[in-house]
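Listed below, chain by chain, are the residues.
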Amino acid sequence: MSLVDRAGTTPSRRSLLTGGLAGGFMLAFQLPLRAANEPVQANDNTEGRFAPNAFIRINHAGRTTLVMPQVEMGQGIYTAVAMILAEELDADYTQVELEHAPPNDKLYANPIFGIQVTGNSNSVRAFWKPLRVAGASARAMLVQAAAQQWQVDPASCSAANGKVIHAASGRTLAYGDLVDAAGTVPMPQNPPLKDPKDFTLIGRPLKRLDTPDKVNGKVVYGIDAMLPGMKFATLAACPVFGGTVGHVDDRAAKAVPGVRQVVVLDDLVAVVGDHMWAARKGLDALIVTWNEGANTRVSSRDIWEDLRAASRKDGVVAKSTGDIAKGLAQGQRVEGEFELPFLAHAAMEPMNCTVHLTQGACEIWTGTQVVTRVQATAAKAAGLPIDKVTVHNHLLGGGFGRRLEADMVASAVRVAQHVDGPIKMVWTREEDIQHDVYRPAYRDTISASLADGRIVAWKYRVTGSSIMARWLPPAFQNGIDIDAVDSAVDMPYDIPNLHVEFVRAEPPAVPTGFWRGVGPNNNVFATECFVDELARKAGADPIAFRSGMLGHNPRLKAALDLVAEKSNWGQPLRARVGRGVSVQPSFGSFIATVVEAEVDEQGEVHLHRVTSAVDTGIAVNPDTIVAQLQGGLIFGLTAALYGEITIDRGRVRQSNFNDYRMLRIDEVPRIDVHLIASTADPGGIGETGATAGPPALRNAIYAATGIALRRLPIDRDALASGKRA
Amino acid sequence: MATLKINGEERTVAAADDTPLLWALRDLLGLTGTKFGCGIAQCGACTVHIDGNPVRSCLLPIGAIGDRAVTTIEGIGATPTGAKVQKAWLELEVIQCGYCQSGQIMSAAALLATTPHPDDSDIDAAMAGNICRCGTYLRIRDAIKRAAGERQS
Numbered sequence: 001m002s003l004v005d006r007a008g009t010t011p012s013r014r015s016l017l018t019g020g021l022a023g024g025f026m027l028a029f030q031l032p033l034r035a036a037n038e039p040v041q042a043n044d045n046t047e048g049r050f051a052p053n054a055f056i057r058i059n060h061a062g063r064t065t066l067v068m069p070q071v072e073m074g075q076g077i078y079t080a081v082a083m084i085l086a087e088e089l090d091a092d093y094t095q096v097e098l099e100h101a102p103p104n105d106k107l108y109a110n111p112i113f114g115i116q117v118t119g120n121s122n123s124v125r126a127f128w129k130p131l132r133v134a135g136a137s138a139r140a141m142l143v144q145a146a147a148q149q150w151q152v153d154p155a156s157c158s159a160a161n162g163k164v165i166h167a168a169s170g171r172t173l174a175y176g177d178l179v180d181a182a183g184t185v186p187m188p189q190n191p192p193l194k195d196p197k198d199f200t201l202i203g204r205p206l207k208r209l210d211t212p213d214k215v216n217g218k219v220v221y222g223i224d225a226m227l228p229g230m231k232f233a234t235l236a237a238c239p240v241f242g243g244t245v246g247h248v249d250d251r252a253a254k255a256v257p258g259v260r261q262v263v264v265l266d267d268l269v270a271v272v273g274d275h276m277w278a279a280r281k282g283l284d285a286l287i288v289t290w291n292e293g294a295n296t297r298v299s300s301r302d303i304w305e306d307l308r309a310a311s312r313k314d315g316v317v318a319k320s321t322g323d324i325a326k327g328l329a330q331g332q333r334v335e336g337e338f339e340l341p342f343l344a345h346a347a348m349e350p351m352n353c354t355v356h357l358t359q360g361a362c363e364i365w366t367g368t369q370v371v372t373r374v375q376a377t378a379a380k381a382a383g384l385p386i387d388k389v390t391v392h393n394h395l396l397g398g399g400f401g402r403r404l405e406a407d408m409v410a411s412a413v414r415v416a417q418h419v420d421g422p423i424k425m426v427w428t429r430e431e432d433i434q435h436d437v438y439r440p441a442y443r444d445t446i447s448a449s450l451a452d453g454r455i456v457a458w459k460y461r462v463t464g465s466s467i468m469a470r471w472l473p474p475a476f477q478n479g480i481d482i483d484a485v486d487s488a489v490d491m492p493y494d495i496p497n498l499h500v501e502f503v504r505a506e507p508p509a510v511p512t513g514f515w516r517g518v519g520p521n522n523n524v525f526a527t528e529c530f531v532d533e534l535a536r537k538a539g540a541d542p543i544a545f546r547s548g549m550l551g552h553n554p555r556l557k558a559a560l561d562l563v564a565e566k567s568n569w570g571q572p573l574r575a576r577v578g579r580g581v582s583v584q585p586s587f588g589s590f591i592a593t594v595v596e597a598e599v600d601e602q603g604e605v606h607l608h609r610v611t612s613a614v615d616t617g618i619a620v621n622p623d624t625i626v627a628q629l630q631g632g633l634i635f636g637l638t639a640a641l642y643g644e645i646t647i648d649r650g651r652v653r654q655s656n657f658n659d660y661r662m663l664r665i666d667e668v669p670r671i672d673v674h675l676i677a678s679t680a681d682p683g684g685i686g687e688t689g690a691t692a693g694p695p696a697l698r699n700a701i702y703a704a705t706g707i708a709l710r711r712l713p714i715d716r717d718a719l720a721s722g723k724r725a
Numbered sequence: 001m002a003t004l005k006i007n008g009e010e011r012t013v014a015a016a017d018d019t020p021l022l023w024a025l026r027d028l029l030g031l032t033g034t035k036f037g038c039g040i041a042q043c044g045a046c047t048v049h050i051d052g053n054p055v056r057s058c059l060l061p062i063g064a065i066g067d068r069a070v071t072t073i074e075g076i077g078a079t080p081t082g083a084k085v086q087k088a089w090l091e092l093e094v095i096q097c098g099y100c101q102s103g104q105i106m107s108a109a110a111l112l113a114t115t116p117h118p119d120d121s122d123i124d125a126a127m128a129g130n131i132c133r134c135g136t137y138l139r140i141r142d143a144i145k146r147a148a149g150e151r152q153s
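Note that the protein sequences, when read in sequence, are chains A and B. By the numbering used here, the letter at position 338 of the first sequence is numbered 338, and the numbering carries on one by one without gaps. By the numbering used here, the letter at position 75 of the second sequence is numbered 75, and the numbering carries on one by one without gaps.
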């Protein structure tokens with residue numbers, strides 16, 4: 001079901017954009033969905049349990065099961081969701097059990113997207129209110145049931161740790177004993193929510209609920225699904241994007257011990273065997289002649305030339321305030337262009353999908369960020385009605401946006417159609433890297449003018465792929481992709497003349513998709529790098545320069561002040577060591593980051609220290625937030641230092657971790673994250689570090705060397721000693 | 001066909017001798033705690049112990065193991081060092097997605113078995129072969145020190 005169907009209305013460009021001005025993607029995309037402010041009811045009290053809504057089940061034994069609408073891919077959302085529900089439910093948090101939500105957009109849609117999606121760092125933002133209401137209404141029903149039994153006023157009762165308490169008489173009833181009675185109590189319309197000062201769980205660094213089984217091999221990811229009689233498969237698609245299978249000689253492959261079958265489809269070949277090694281050896285032994293098609297002429301060089309040419313044209317105006325022409329005519333005019341490369345996701349758990357097709361039904365085991373899309377994709381590939389497809393979602397071995405796609409499911413189902421019995425299809429790392437859905441290459445062009453030490457005009461043009469046009473068409477209206485301009489239209493500085501444009505420029509052949517940090521990854525980078533250059537032009541300290549333009553953004557200014565103090569900003573450093581700063585209002589959180597780095601004589605960059613100050617509103621689980629910042633910063637710094645997918649003759653040149661490098665433990669510096677206490681509603685956090693790291697690193701390099709890099713990944717040749725900007 | 005000693009039990013694997021231990025464990029013995037990450041010994045997700053030494057099982061043929069003892073993540077908790085590492089991992093809440101953590105824990109346990117009080121350079125040397133895409137490295141370092149009985153940095 002698409003977002004438009006569900007909402008019954010297409011968001012107007014005006015509502016998207018005016019919302020966007022107010023606070024980025026979150027507000028930009030808030031649709032008038034019922035689920036946004038109240039839990040969808042699933043008053044299913046069968047099987048002797050109390051199930052007042054889609055998220056809570058309590059049985060007679062008092063066992064409380066919480067159903068997780070968002071998927072766990074390491075970001076800690078299972079723990080956060082459980083904490084929010086248990087807080088308002090007054091459940092015994094230490095005893096709750098968690099369940100993956102089944103595919104069901106009616107019950108478990110992300111209120112911001114209208115479908116079941118975990119992404120855009122909005123799980124807590126989207127579900128904060130609905131989960132609190134769900135917990136509070138269930139609690140109110142249990143209290144009502146107890147009060148009826150005791151024949152007392154419900155207002156004289158309280159609840160804690162899975163029990164209703166009547167203090168005046170010293171009586172208690174466990175939730176399990178109230179299951180039947182509570183099921184007959186009418187659902188309260190507006191159950192009172194706790195005053196945040198009364199929270200007993202939210203705000204505490206509670207232990208994660210998903211980690212104990214992750215230290216002993218018990219956890220089951222999608223790739224670990226095992227079924228009786230299962231066969232194992234691996235595949236190769238044409239190395240050239242869009243190419244097809246020509247001729248296949250499978251004689252040697254079929255001679256490999258353990259190989260059972262070779263499946264040849266239009267666009268891929270798969271080998272099925274008794275185990276993955278047999279399948280892999282069989283695949284290596286397969287002699288495939290590909291019809292490579294027209295894309296053999298596609299190369300990174302040409303893609304960049306096209307992108308640069310496109311970026312010189314006017315774009316669609318996403319925001320314009322003041323008078324940009326007049327503003328640019330004032331003071332000192334400065335121009336900059338920034339380029340970010342294609343990136344692969346490289347989640348540690350390679351793409352995989354287990355399929356069992358039987359007569360008239362399909363069962364899927366995988367880990368996905370879009371479980372209903374997986375269901376619909378499997379149904380379409382199998383030619384079955386959606387209700388004949390069962391999807392078993394799993395914990396994800398990393399998502400980062402890659403598992404917002406369902407292409408791997410379609411491929412696995414199509415192969416399974418030729419195989420008797422269940423198959424587990426696992427992508428080799430090489431296939432995973434070379435047939436990803438890539439973070440788009442972007443080019444950002446900026447014209448700004450400086451007067452009296454301030455930016456008086458800012459003309460910013462994003463040029464690149466529109467992911468939304470493919471992935472969520474209502475978010476691409478009249479030529480504007482609201483994700484591609486996120487953190488550009490709502491950039492944080494007070495600038496009287498601001499103008500933001502988007503130029504949609506799709507690369508030939510290369511599929512593009514979301515990557516941790518999404519639109520802000522690009523826009524925060526270009527904005528913060530260029531602001532540093534402008535500070536230098538103005539002769540100002542980078543933090544003082546920013547601070548002077550954050551008058552309307554006190555939360556971000558406070559974060560900046562704190563990071564200045566905590567990072568020892570301004571204290572002397574030795575030659576070729578620099579500190580760089582970045583700020584961002586992205587994902588509803590206000591974050592300032594300082595990276596300290598050294599550039600050696602060979603141009604190699606060494607990370608010394610990273611400091612972030614974070615105001616994310618109410619911190620549901622502060623320990624998870626610190627961990628997400630640390631990990632996100634490393635994710636972003638990895639890309640800044642090493643990440644680039646390049647295309648040659650229509651194929652991806654990189655293939656595995658030897659040539660698509662990751663930061664390792666010996667390269668990672670101390671990272672200090674300082675949370676700022678806040679009573680505001682929670683912001684998003686999962687992607688913020690990925691966005692924060694690269695511009696702060698680049699600005700540290702700028703401070704250390706005077707060289708203003710304008711492209712990622714960093715160019716070590718340009719940084720070798722003797723070179724100066 | 002090979003007979004292997006895995007976590008103290010004799011297990012027979014019906015596969016050719018060149019089959020990497022990783023796939024024998026995962027696909028033929030159902031020990032899915034050991035993870036596939038790259039297949040070329042670049043990421044460390046498949047790390048197991050052979051006679052206590054950390055080895056990348058994605059490149060180790062089952063025919064080359066002989067009667068040496070194989071220990072996997074499913075069995076490491078039975079060793080005092082392994083149990084200490086698992087405990088420290090949970091106490092310091094190291095884990096995010098967790099997919100690489102079987103390998104991280106196996107590498108850390110092997111390090112502590114030979115170097116009970118590792119310094120930062122020991123940790124770098126022992127752990128640099130294990131990639132974590134979630135970026136849990138700082139807590140891995142602290143948890144190794146915690147497991148070694150030292151205060152975390």
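Think of the hints as simulated: they come from the structure by calculation, not from any bench. Among these hints, one or two may not hold up.
Unchecked claim - Mimicking DSSO-like on lysine-lysine, the simulated pairs with C-alpha atoms at most 30 Å apart in a straight line are:
#	chain 1	residue 1	chain 2	residue 2
1	B	87	B	5
2	A	319	A	459
3	A	459	A	380
4	A	380	B	84
5	A	197	B	145
6	A	566	B	145
7	B	145	B	84
8	A	319	A	106
9	B	84	A	197
10	A	254	A	207
11	A	326	A	537
12	A	537	B	87
13	A	194	A	106
14	A	197	A	557
15	A	537	A	557
16	A	207	B	87
17	A	194	A	129
18	A	207	B	5
19	A	326	A	313
20	A	537	A	566
21	A	218	B	5
Unchecked claim - Simulated restraints, written as ranges between beta carbons of each label pair:
#	chain 1	residue 1	chain 2	residue 2	range
22	B	10	A	659	38 to 46 Å
23	B	66	A	248	50 to 58 Å
24	B	78	A	48	18 to 26 Å
25	B	120	A	494	38 to 46 Å
Remember, predicted model here, so these are calculated numbers, not experimental data. Each residue gets a CB set at the ideal place from its N, CA and C atoms; glycine is no exception.
Status of the hints after comparison with the structure:
1. B:87 / B:5: 26 Å, holds
2. A:319 / A:459: Holds: residue 319 of chain A and residue 459 of chain A sit about 10 Å apart, inside 30 Å.
3. A:459 / A:380: Not OK: residue 459 of chain A and residue 380 of chain A at ~45 Å, beyond 30 Å, violated.
4. A:380 / B:84: 49 Å, violated
5. A:197 / B:145: Outside the cut-off at roughly 36 Å; violated.
6. A:566 / B:145: OK: residue 566 of chain A and residue 145 of chain B at ~25 Å, within 30 Å.
7. B:145 / B:84: 11 Å, holds
8. A:319 / A:106: Not satisfied, since the Cα-Cα distance of roughly 34 Å exceeds 30 Å.
9. B:84 / A:197: 37 Å, violated
10. A:254 / A:207: 50 Å, violated
11. A:326 / A:537: 20 Å, holds
12. A:537 / B:87: 53 Å, violated
13. A:194 / A:106: 27 Å, holds
14. A:197 / A:557: 26 Å, holds
15. A:537 / A:557: It holds: about 22 Å lies between the C-alpha atoms, which stays within 30 Å.
16. A:207 / B:87: 13 Å, holds
17. A:194 / A:129: 12 Å, holds
18. A:207 / B:5: 35 Å, violated
19. A:326 / A:313: Since the Cα atoms of residue 326 of chain A and residue 313 of chain A sit roughly 20 Å apart, the hinted pair holds (cutoff 30 Å).
20. A:537 / A:566: 26 Å, holds
21. A:218 / B:5: 20 Å, holds
22. B:10 / A:659: 38 to 46 Å: Given range 38 to 46 Å: holds, Cβ gap about 40 Å.
23. B:66 / A:248: 50 to 58 Å: About 39 Å separates the Cβ atoms of residue 66 of chain B and residue 248 of chain A, which means 50 to 58 Å is violated.
24. B:78 / A:48: 18 to 26 Å: 40 Å, violated
25. B:120 / A:494: 38 to 46 Å: 44 Å, holds
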